[in-house]
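S.K.: Here is what each chain is made of, one letter per residue.
2 protein chains.
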Amino acid sequence: MNSASYHHGNLRQALLDAALLLIRQRGIEQLSLRAIAREVGVSQTAPYRHFADKNRLLVEIAIQTFNELAQHCQAALQADASTPENIRLCGLAYLHFAIANPERYKLTFGQSIEHRQDYPELMAAGMDSFAVLLDLVEQGIQDGSLLALDAQLMANTCWSTIHGFASLAIDGFYQRQCLTLSNDQLINNMIDLATRAICRQPPDLMKNTDQ
Amino acid sequence: MNSASYHHGNLRQALLDAALLLIRQRGIEQLSLRAIAREVGVSQTAPYRHFADKNRLLVEIAIQTFNELAQHCQAALQADASTPENIRLCGLAYLHFAIANPERYKLTFGQSIEHRQDYPELMAAGMDSFAVLLDLVEQGIQDGSLLALDAQLMANTCWSTIHGFASLAIDGFYQRQCLTLSNDQLINNMIDLATRAICRQPPDLMKNTDQ
DNA sequence: CAAGGATGTGTGCGCTGTCAACTTAAGGCC
DNA sequence: GGCCTTAAGTTGACAGCGCACACATCCTTG
Chain X
-12 MNSASYHHGN LRQALLDAAL LLIRQRGIEQ LSLRAIAREV GVSQTAPYRH FADKNRLLVE
48 IAIQTFNELA QHCQAALQAD ASTPENIRLC GLAYLHFAIA NPERYKLTFG QSIEHRQDYP
108 ELMAAGMDSF AVLLDLVEQG IQDGSLLALD AQLMANTCWS TIHGFASLAI DGFYQRQCLT
168 LSNDQLINNM IDLATRAICR QPPDLMKNTD Q
Chain F
-12 MNSASYHHGN LRQALLDAAL LLIRQRGIEQ LSLRAIAREV GVSQTAPYRH FADKNRLLVE
48 IAIQTFNELA QHCQAALQAD ASTPENIRLC GLAYLHFAIA NPERYKLTFG QSIEHRQDYP
108 ELMAAGMDSF AVLLDLVEQG IQDGSLLALD AQLMANTCWS TIHGFASLAI DGFYQRQCLT
168 LSNDQLINNM IDLATRAICR QPPDLMKNTD Q
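Which chain is which? The protein sequence lines are X and F, in order.
Take the first sequence: its letter number 22 is residue 9 in the numbering used here, and every next letter is one higher.
Take the second sequence: its letter number 6 is residue -7 in the numbering used here, and every next letter is one higher.
None of these hints come from the bench; they were simulated from the model.
Treat the hints with caution; some may be incorrect.
A pair holds if it fits inside one copy or across any two, identical chains being indistinguishable in the list.
Said to hold, decoys possible - With a straight-line Cα cutoff of 25 Å, these simulated SDA-like cross-link-like pairs (lysine to any residue) come out:
id: 1; residue 1: K41; residue 2: N176
id: 2; residue 1: K41; residue 2: M114
id: 3; residue 1: K41; residue 2: Q31
id: 4; residue 1: K41; residue 2: H59
id: 5; residue 1: K41; residue 2: T52
id: 6; residue 1: K41; residue 2: L121
id: 7; residue 1: K41; residue 2: M110
id: 8; residue 1: K41; residue 2: L20
id: 9; residue 1: K41; residue 2: E55
id: 10; residue 1: K41; residue 2: N54
id: 11; residue 1: K41; residue 2: A66
id: 12; residue 1: K41; residue 2: L64
id: 13; residue 1: K41; residue 2: R11
id: 14; residue 1: K41; residue 2: I174
id: 15; residue 1: K41; residue 2: S69
id: 16; residue 1: K41; residue 2: R187
id: 17; residue 1: K41; residue 2: A135
id: 18; residue 1: K41; residue 2: R(-1)
id: 19; residue 1: K41; residue 2: A80
id: 20; residue 1: K41; residue 2: Q12
id: 21; residue 1: K41; residue 2: A22
id: 22; residue 1: K41; residue 2: H(-5)
Taking the hints into account, I'd like the entire structure generated from these sequences.
M.R.: Spelled out as structure tokens, the structure:
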């Protein structure tokens, strides 16, 4: 492979990598297709050989992010832990990932991607990562640790809480506090509350729960 | 006032109104300052007499939206209802507003506004609308209907759940279902679960809660 | 070794946010 | 009433953007 070849060799992945780099550096809002091409060192229209349009490139990154997120959450589970405890671990891992990769998280869940419904692979990747939580909830229903309600309902509630917190934190609604994971205590407490919503026998929370 | 006057008279508000109209019609992503000016019938730079830049105009809309949202939630409360019931009503009103005004909600909470931390009035408006919920939670702690935990923690948890659900629903993660309020039942159940997280004596949920 | 598809380039269009310089209208002061 | 400051709106321009089109170059396969 001659280094200054006309053909790049692996432009598709190089573009994705460059996009991730620029997103991390300057945020999604500032991301332009031309800047990505510039970063890689190709002409501004070269990306169109590999992605139908800018949106399609973002979709690709979102899919990868969904997969990584699911993997990250799955890896946090422990075989010998109770189901509620595993739900807690899953939520914690989710928040860690979101806060460690705020720009990617915003890209994946935010408005940067247009007409996300039109991309079945993207929706499927989202469902797949949601399935990690859904499986846990179904397991909890069966082993009796969770309420005997609709699994989708309970999983969605948990997901909403975690996603809502991640979004609010990332978008700066909690200013400085919470965004650093040094403040793990608050995140832990919130996740405890979230799981309390669906547990059959809610755990004692802190000292004064009195129930 | 001659009708075809050089000076508009109330251009500032006219621009805000036009912006809301265009947002409702074509979404935030498509909103351009020039289109707003075109809609009002002034030159493309006229808005700069009233707003420092596009971002500042969006901030203004977000502030108004925060205020309306808070007002909407406040109006849903009932003097003779229990605190948990009022929290439920508040969350319900919040979701109604969000789903009825998806584009404005996205604008207010999403990434369209850059550097929101740099606008103290915006942050204050956000805090003010959050205060509606926070007050309820503090009241619930005092009257003993809620857990004796940190009020900020519990209010944040509730807010995260509701905001998370609104975001996911608006961004299409639940596809058709849920987005129509004809499906009130699901929203109601979710809010019940969310309040269960912080209630001292969680209410019976549906038939099979068995506790 | 020729052909042809895949991959990358160059140029250009219409759109955007924003700026500087200009024009117009309105209101206060003598 | 005439003048002058100032707020409000206009004109024209610039750089950057996504994208479409025609063209150049290379690799592969027969």
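S.K.: For K41 vs A80, is the C-alpha pair at or below 25 Å within one copy, between two copies, both, or neither?
M.R.: neither (30 Å within a copy, 37 Å between copies)
S.K.: Between K41 and N54, at a C-alpha cutoff of 25 Å, which is it: within one copy, between copies, both, or neither?
M.R.: within (20 Å within a copy, 35 Å between copies)
S.K.: Is it within, between, both or neither when you check K41 against L64 at 25 Å Cα-Cα?
M.R.: neither (36 Å within a copy, 45 Å between copies)
S.K.: Given a CA cutoff of 25 Å, do K41 and R11 count as a within-copy pair, a between-copy pair, both, or neither?
M.R.: both (17 Å within a copy, 24 Å between copies)
S.K.: One pair to classify: K41 and R(-1), alpha carbons no more than 25 Å apart. Within, between, both, or neither?
M.R.: within (13 Å within a copy, 34 Å between copies)
S.K.: Is the C-alpha distance from K41 to I174 at most 25 Å within one copy, between copies, in both cases, or in neither?
M.R.: neither (35 Å within a copy, 35 Å between copies)
S.K.: Since the copies are identical, ignore which copy is meant and state whether K41 and A66 lie within 25 Å (CA to CA) inside a copy, between copies, both or neither.
M.R.: Neither way: K41 and A66 sit 41 Å apart in one copy and 52 Å across, limit 25 Å.
S.K.: One pair to classify: K41 and S69, alpha carbons no more than 25 Å apart. Within, between, both, or neither?
M.R.: neither (44 Å within a copy, 51 Å between copies)
S.K.: How would you label the pair K41, A22 (within, between, both, or neither) given a Cα cut-off of 25 Å?
M.R.: both (12 Å within a copy, 22 Å between copies)
S.K.: State whether the alpha carbon distance between K41 and T52 is at most 25 Å within one copy, between copies, both, or neither.
M.R.: For K41 and T52, the Cα distance is within 25 Å only inside one copy (17 Å; across copies 31 Å).
S.K.: At most 25 Å between CA atoms: does that hold for K41 and M114 within a copy, between copies, both, or neither?
M.R.: This pair counts as within: shortest intra-copy Cα distance 23 Å, inter-copy 36 Å.
S.K.: Go through the copies and call it for K41 and E55: within, between, both or neither, with a Cα cutoff of 25 Å.
M.R.: Intra 22 Å, inter 35 Å, cutoff 25 Å: intra-copy only.
Consistency note: the structure conflicts with the earlier hints numbered 1, 4, 6, 11, 12, 14, 15, 16, 17, 19.
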